[in-house]
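Work the whole structure out from these sequences, hints included.
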Amino acid sequence: MITKKTILWALALTCLAGCKPTVQPSSEAAFTFFEYKGEDARFNKEIDPEHEFLNPIISGFYPDPSICRKGEDYYLVNSTFAYYPGIPIFHSRDLVNWEQIGNVLDRPSQLQLDSLRLSGGIYAPAISYHPASDTFYLITTCVDGIGNFVVKTKDPAGPWSDPIVLPQVGGIDPSLFFDDDGKAYVVHNNAPVGTPEYDGHRAIWIHDYDQATDQTTGTPQVIVDGGTDKSKHPVWVEGPHLYKIKGKYYLMAAEGGTGENHSEVIFTADHVKGPYTPIRENPILTQSDLPEDRPEKVTCTGHADLIETPTGQWFAVFLGCRPYEGTMYNTGRETFLLPVTWKGDVPIILEKGKAVPTVVRPEGWERDVQGITPSLTTGNFTWHDDFDTAGGKLQPEWLFLRTPQDGWWFKRDGQLHLTPTTRSIYTQDSPAFVGYRQRHADFTATTQMDFTPQDETEMAGLVCYQNEQNNIAFTKMLFEGQQTLGVVRMENGEFEVLGSIELTEEEHTQPVFLRVIGRGGLYSFDYSFDNKVWERLAAGVDATNLSTTKGGGFTGTVVGLFAEKE
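Read in numbering that gives the first Met the number 0, the sequence shown has 306 at position 307, and its numbers run on one by one without any break.
Accuracy of the hints is not assured; some may be wrong.
Claimed, not checked - As a list, the in silico DSSO-like pairs of lysine-lysine whose alpha-carbon atoms are at most 30 Å apart: (1) Lys-229 to Lys-272; (2) Lys-272 to Lys-342; (3) Lys-151 to Lys-182; (4) Lys-231 to Lys-549; (5) Lys-247 to Lys-353; (6) Lys-342 to Lys-353.
In short, the hints are calculated from the structure, not lab data.
Take a look at the structure:
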């Protein structure tokens, strides 16, 4: 029975103020496996894999895509905000079948995220390949941290260099452009000259970039003030990319903010520093003008990047969201792909009034599917980790909350061990937590945990995590001397205990299977001791607190394994 006393117990879990942030001697939570299974109805379609593909191409919290090509190899990166390691990097030979080959910022010397808000950290990385030096460059912003910086490498799988800070580049969303005359430039979003004329008034700036010193030089200048039509007060022009195509310069940027009014626009110029003129066909991508009741709805489209194939076809990657109801989506902003149609010298990603399709069949496009392993980035797939990778490392899909502190995790005998620490999932810290992104509106995630709490200060389990203030935890702990399983929901910092059960004496030392089943905005939480007979502890839990609409910020839901101690 849920009582006021039980709720007070839940509230006590947040009593971490003043705790010394260190690993304390205590029991370990050992996880034998983690399995995630996607079950979205929209992906239950028969497609011709040689000529068709599914959108999104990378599902779940993989926003702000940027892409480059070296020969026949494509590389794509995404924002990670205050998750660590920073910036997943994917490789593909066909733009559809992607494999994560690592993370760009995978050393503490590259990325310090201590105490940063979860939607701070790494924004909008832009990746470029420079053929003359056979070097890959990545430029990005660590908001609330070191600001704008560059890293580079010869091998995109890593290692990448330590950050080279760009002190003269303010704002966010920098992108590097290498011109065919050997010169290079940085474009980025920043405040306009003088006082902004309205809320959301921003500008796109350009700097000269010295490749010898990896620093900007000279005097920067504004090349877009406000957006496509300043008289209409366009907001949040950002995410710029520069291209030179058939002798003409193209500046592409997002406009309207990263919500339902998001769009992609483009400007052209005869010279790299302008003047830039918006094309009449803008926006070249948006879903803001479509009916709300359209099937398989995609919203928030924008923040695009263009890529040309070796055969001269053009495509665009961009972010979008898949709401399960209204504006609710727990999966965050995802990576989509569409062919680009050229109308004269104007690139169109999607004609006005058209919806982003789930199944895409580009004209004249085909791929060789012989020997291709089914993708684990789109469609309905199962991702399983037995924690048996060599070298004591975790698979690159796993995320930490901020840069990990202390030695609280290790792998041994096919198990992931987490030692409870006084850093909590409920505070702006770096707790003992490893997480996998929720990739589907409908999904099942399962783990097996061996954990015997030593006292009432310890707990461990599975958590569906939007941020410190909005999450749902499925935990094992001691309560009034009894080992207990409990489901605790937090929305905007307020706790609610949704289910609890005292374990029998026989169950105290047995490993327990924990399972969460998500169906849009409703999650259910089950437990088992044999992975055959399951008991439901909490059914139909309101999980809309995990949506960006309610939880705020820019991240998606992450399903995590955690352990902590008051």
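The hints, checked one at a time:
1. Lys-229 to Lys-272: The hint holds at about 19 Å.
2. Lys-272 to Lys-342: holds (24 Å)
3. Lys-151 to Lys-182: holds (17 Å)
4. Lys-231 to Lys-549: Status holds; Cα separation ~29 Å.
5. Lys-247 to Lys-353: holds (28 Å)
6. Lys-342 to Lys-353: holds (16 Å)
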